[in-house]
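Student: These protein sequence lines are chains D and S, in that order. Residue numbers for the first sequence follow numbering that gives the first Met the number 0, so the first one is 0 and each next one is one higher. Residue numbers for the second sequence follow numbering that gives the first Met the number 0, so the first one is 0 and each next one is one higher.
Please keep in mind that the hints were generated in silico from the structure rather than gathered at the bench. These numbers come from a predicted model, not from an experiment. Treat the hints loosely; a few may be bogus.
Identical chains blur together in the list; that is why a pair holds if it fits in one copy or across any two.
Derived DSS-like pairs (lysine-lysine); straight-line CA-CA distance at most 25 Å [to be verified]:
id, residue 1, residue 2
1, K215, K20
2, K34, K104
3, K141, K20
4, K20, K248
5, K207, K248
6, K248, K215
There are 2 protein chains.
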Amino acid sequence: MSINISPQLSPTEDAVLYEDKNHKVVYLGTKGIDKGSVDVLSYLLVDNGEAILIDPGGYYLFPHMVQKVSKYVTLDQVKFLYFCHQDPDVCGSIPMWKDVCPQAKIAIGELWVRFLPHFGVEDIEGSVFPIPAEGTTLPVGKFHVEVIPAHYLHSPNHFSLYDPVSKFLFSGDIGIALGNFNYLVVNDWVSHLDYLYTPHRILMANNKALRAWLSKVRKLDIEAILPQHGAVIPKNSVEYFFKFLENLKCGTDLISI
Amino acid sequence: MSINISPQLSPTEDAVLYEDKNHKVVYLGTKGIDKGSVDVLSYLLVDNGEAILIDPGGYYLFPHMVQKVSKYVTLDQVKFLYFCHQDPDVCGSIPMWKDVCPQAKIAIGELWVRFLPHFGVEDIEGSVFPIPAEGTTLPVGKFHVEVIPAHYLHSPNHFSLYDPVSKFLFSGDIGIALGNFNYLVVNDWVSHLDYLYTPHRILMANNKALRAWLSKVRKLDIEAILPQHGAVIPKNSVEYFFKFLENLKCGTDLISI
Chain D
0 MSINISPQLS PTEDAVLYED KNHKVVYLGT KGIDKGSVDV LSYLLVDNGE AILIDPGGYY
60 LFPHMVQKVS KYVTLDQVKF LYFCHQDPDV CGSIPMWKDV CPQAKIAIGE LWVRFLPHFG
120 VEDIEGSVFP IPAEGTTLPV GKFHVEVIPA HYLHSPNHFS LYDPVSKFLF SGDIGIALGN
180 FNYLVVNDWV SHLDYLYTPH RILMANNKAL RAWLSKVRKL DIEAILPQHG AVIPKNSVEY
240 FFKFLENLKC GTDLISI
Chain S
0 MSINISPQLS PTEDAVLYED KNHKVVYLGT KGIDKGSVDV LSYLLVDNGE AILIDPGGYY
60 LFPHMVQKVS KYVTLDQVKF LYFCHQDPDV CGSIPMWKDV CPQAKIAIGE LWVRFLPHFG
120 VEDIEGSVFP IPAEGTTLPV GKFHVEVIPA HYLHSPNHFS LYDPVSKFLF SGDIGIALGN
180 FNYLVVNDWV SHLDYLYTPH RILMANNKAL RAWLSKVRKL DIEAILPQHG AVIPKNSVEY
240 FFKFLENLKC GTDLISI
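Given the sequences, and given the hints that come with them, work out the whole structure.
Tutor: In structure tokens, the structure reads:
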């Protein structure tokens, strides 16, 4: 078993973050691919020959992603295309992924299923795995990935994923960091706070929603938090991150009427 | 001057809802076009030869929309392509609209500008009119359309539009109604509540956000509320609707930790 969550990792290169004989988690080197748009972090999880692609990203990311995913699995090994919520930076490539992985189930919050055709996806009904509001598990290889509600953070029907093998928490938009930094893994927590603060204040609905999510994820044994934007939060910073969220006033907390 | 907000209007046919010598508001007959997806209501506002297209909708709606818009204006008269927020049911057609209306400015909340390339839009920077969080006005013909903050309802950067000529409030997702009904204009308020209740409870972030919006729009002289989903709320039901929102517990109000 080997965990590779190192501050030396490049955000523009794919890297295996966890590996054992039957299980692998890969970062797909997605940062900086599409210069004009907000950066995304996409991941691939493989267990015993079955894969889940986590947050495939926008339209222009697709060629890069197909090339990277194909380094690690054949496309017919992809069992789930998972989307933490409905935004274009997560789902913009969905019509092409549906074409190249026709066997894969599109896993997304049930609220958003009928919104997906608006991306240009045909016959969504037969391909979808609607995630219920209370969460679920997704069978990948010999394990189940846990799907944890993260509603209103920011989407009304948003989820995080927990992999019980690597102990990685794929947090979706929670943990988003924006700004001019060039690392994949947080090394200096205090300086990273500058990149976390503003997007969390704007995007996250309020402190109550954050605490509801914390009440679920604090029970987990976590090796690293892997958000969909920003940088990976390693084990030694996880409790700092949770404290930051626990005390943050954000979203509707900041509205005065 | 003529207002045409009648319960006899068909949701599947385009109709002029307001008209005077220099000003026109058109419903574009968008309900039911794309069977597999959530229905949208799209509108065109024209003043003195300049137009704003309000919430163009998803990918598959585009051919219908181009045909309908072209009945009322030439495509080079479209000055603004307005998107109340970033979801695919609002923005999925954005790459094609940018191609056929290269002169038009894409008006969307500033938070979402860098998310738009993920729909497959190129060179967004030169085409965009970023709406600041506090709202703005958009000059169309001889008037200004008012852009009113509607944050967290549901999107963190979501807006409503007010047309001071027709006195129509284009409310975006607020007023969403889902279910098996077949009218464009609400006639029976009590039965319409059944279609409003569940989507508002799930999508709207909380009662505080609703009250913040109400504190802005209650100052306006409103002839009708035109949401992006559901049905138009005529003048005689506007205060019922505001009372419904004022008292609604929704979103994070319903979370228990």
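Student: Next step is simple, just say for each hint if it's right about the structure.
Tutor: For each hint, the structure was consulted:
With identical chains, the CA atoms of K215 and K20 are never at most 25 Å apart, being 30 Å at best within one copy and 60 Å at best between copies. Proximity of K34 to K104 under the C-alpha cut-off of 25 Å is restricted to the inter-copy arrangement: shortest distance 21 Å between copies versus 30 Å within a copy. Taking the shortest alpha-carbon separations for K141 and K20, only the intra-copy value of 13 Å comes in at or below 25 Å, while the best inter-copy value is 69 Å. Proximity of K20 and K248 under a CA criterion of 25 Å is satisfied in neither setting, with 43 Å inside one chain copy and 50 Å between copies.
Proximity of K207 and K248 under a CA criterion of 25 Å is satisfied in both settings, with 9 Å inside one chain copy and 14 Å between copies. Taking the closest pair of Cα atoms, K248 and K215 come within 25 Å of each other both inside a single copy (19 Å) and across two copies (23 Å).
This entry does not satisfy hints 1, 4, going by the numbered hints stated previously.
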